[in-house]
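Q: Take a look at the letters that make up each chain.
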Amino acid sequence: MDMIVENNIFRFIYCNLVNTNESCSDFGNFLGILPLGFEWLAFLISGFLLCFIYINGILGAVILSIWGERRLYGRFQNRSGPNRWGPMGVFTSTADAIKVMFKEDVVPVDADKFLFNLAPVLMVFPVFMVFSVIPVGIGTFVVDLNVGLLFILAVTSLSGLAVVIASWASGNRISIFSGLRAVAVLISYEIPMALSLVGVLMLSGTLSLNGIVEAQKIPFILLQPLGFVVFFLASLAEINRTPFDLTEAESELGAGYLNDYSSMKFGIFFLAEFAATIGASAVIATVFLAGWKGPEILPSHIWFGIKLILVLGLIVWVRMSWPRMRIDQILHLAWKGLFELTLINIIVTTIMISIKPDPSVNEMWIMAIINWVICIFSLIIVSKFLNRSVKDNFSNLKNTTPYPVGTEKIKSSFINKKEMVN
Amino acid sequence: MTLDSLLILSAAVFCIGLYGILSKTNIVSTIMSIELMFNGIIIAAVSFSRFTPSALLMNNSFDVSSFALNTALSGHVFGVFIISIAAAESALALALVFVMFNKKSSVDIVDFNELKG
Amino acid sequence: MSGNFFIDITFWVVSFLIILGSFYVVTARNIFRGAIGLSFVFICVAIIFFLLNAEFLGVVQILVYVGAVSVLIAFAVMFIKDVVDGSKYSKYRLLSAFLCSFLFFVLIFISQVTEWNSMDSIENEDALAGLEGFYFEESESGSILIKKAEVLSDGVNKGVFINSTLSIGSSLISNFLIPLQVIGFILISALIGSLTIIRQRRKQ
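Which chain is which? The protein sequence lines are A, B and C, in order. The numbering of the first sequence is this note's numbering, which starts it at 18 and goes up by one. The numbering of the second sequence is this note's numbering, which starts it at 50 and goes up by one. The numbering of the third sequence is this note's numbering, which starts it at 11 and goes up by one.
These are calculated hints, taken from the structure and not from any lab test. Do not rely on the hints blindly, as some may be mistaken.
To be verified - Just some of the chain B residues that point at chain C, by a computed CB distance under 8 Å:
id, residue
1, 58
2, 60
3, 83
4, 133
5, 137
6, 141
7, 161
8, 162
9, 164
All C-beta atoms, glycine included, are put in the ideal place defined by N, C-alpha and C.
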């Protein structure tokens, strides 16, 4: 019953469908479409409608964000970007989607067909699950889980499985190399990602995202700068964005594990990638930028949208400014840099909370200043250490022979034996 | 969903895992079967903590405290412990698999019989 | 809880899928497909945990088992010769099938014969309300009213089954403190041990 009380959209649909006065007493005049005794049907219908609205909203946002990102890339590279279809080229991504749908759907001979078709579905499924716990405005969410933040971490870790399946099922070596790299990156970055949220949990005392938004008297980006930096970098790695996008390093691996995918299967991977970008920015906006909270000049949904677009713009900015990193540099950054930063963050937050268990807003500002000073110092120190370890690595590399992908002999274990006979 | 049906489910998963360990010769298959057995045990632990009360709560003269109520969740805590042990165990076992493959380029148990004499 | 029709249907479907998936894991010739079937079983077990009000455990199951363990196994499978039909049976196949089915029937027999404590035998109403999160009261017309419980002040007032995450956390740092430390020790020794095992000697 709690869900009906708090969830505005669900309540609106449910109270318009159902014919009793018990749970909708303060709702005003409702339609009462269904006869008495069909509350369970109303419950089902409103749940499905809520999910329907959410998923279509996400798809629309993805289409818009692809267009917006391409316009921004154009601006960054001093060109005009897509501008032919519709006003300012809004319909370009729609045209792209239609083009992708009508391409030929090819399944390679070496592929494991069932798993090959399963991988795109598994890739897009967790991305939509992430959105289900994020409150978009006051009382606007699909479900308010009491383990919401852990749920997001758990569900995003499912995409690693999809990557493994996609890379193996394609049945060629380039896909497998790309998949091995991608999984190494995904698993390594899950650890700093989870640990960077510990400080937030200690400050808010709850795992529910609604509770976290309500606990932010001042946005947590001020109290948890280190957590924000680490979480931002880790989520960039999780969604395969530059500077961590080596799964699609064109010069080495072609399109990576997407090599053999064509038509709408490729389209689904593409959609999952952009939806994951929006999901990551939504999580950052909720956890670190106080979500739908803001001065009451604007409604809560618009505040959330503004923060979402700010984070999305930051991600695009990073993509346009940084070159791609090597695999060893990326793993060094995860294990030697971000991991230590999260530990520093946890220790500092623990000391602060044990001194001031329930701080007022003024004390929070003092905590914020201390945290920012610690953040800047520890970033400088850790970056010095990282720089040294990378140099050491270069001196080691001189003694080894170069190892270009594709020229070495592949062990027969990488290839499906059945299909090798031709 | 009763305690009986949950226990039967857990016993079934456990026994299927045991069958996998005993009947397969591939080491990775063995590791997968061990994980299945772990899952069966966790199901049993959680369903016990959901459907059978702890001894502290059965005592009617006992004053209700958060300590006594938390003992009702011992099964969940055991589940968390089992899951973390399973993660450590599988990482270690897969490291061993890599080493074995490097030594003999095979992961079949039948090939590792040096101690047979 | 026991009378909920939707929960029962979901439970029967999911447990059927679990048993089917487990059989597939132990009988599949293709190890990679077996590993994917294993992750499917893990997800279904997580659904069972959600049905049992163990949200925290379900989420941890997905995070650790599906996100890490099964991905690691699938990772390791790529290093095996003959993935497509690499999982062979040993010569003890029939004997082990007989032994396991015997063990299964013994386990079922024991679970049926034993008289487990049931939740109905708790007579302390406060204890029951502290577990479930509400009191039952009969109204004048005979229907059952549900009243929210406010049993204890220190955070357990929602009922430990409704808000299990908080109770698991507090019992991890009170009743189970030493096991928790031991688990941490085991995890770090497993990490260092697996790195030591897999490290290749550098050629001089």
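Q: Work down the list of hints and note, for each, if the structure agrees.
A: For each hint, the structure was consulted:
With a cut of 8 Å, the hint placing residue 58(B) at the interface with chain C holds, because the nearest CB-to-CB distance is about 5 Å. At its closest, the beta carbon of residue 60(B) sits 4 Å from a beta carbon of chain C; the interface hint therefore holds under the 8 Å criterion. For residue 83(B), the suggested interface contact is broken, since its CB lies about 11 Å from the closest CB of chain C, more than 8 Å. Here the hint on residue 133(B) is kept, as its CB sits about 5 Å from the closest CB of chain C, short of 8 Å.
Given hint, residue 137(B) at the interface with chain C, holds; its Cβ is 4 Å from that chain's nearest Cβ, closer than 8 Å. Evaluation of the residue 141(B) hint against chain C yields a held restraint, the C-beta minimum of about 5 Å falling below 8 Å. The beta carbon of residue 161(B) is not positioned within 8 Å of any beta carbon in chain C (closest approach about 13 Å), and the interface hint is therefore violated. Taking 8 Å as the C-beta cut-off, the interface hint given for residue 162(B) is violated, the closest approach to chain C being about 13 Å.
Contact between residue 164(B) and chain C, as hinted, is not supported at the beta carbon level, the nearest pair being about 17 Å apart and thus beyond 8 Å.
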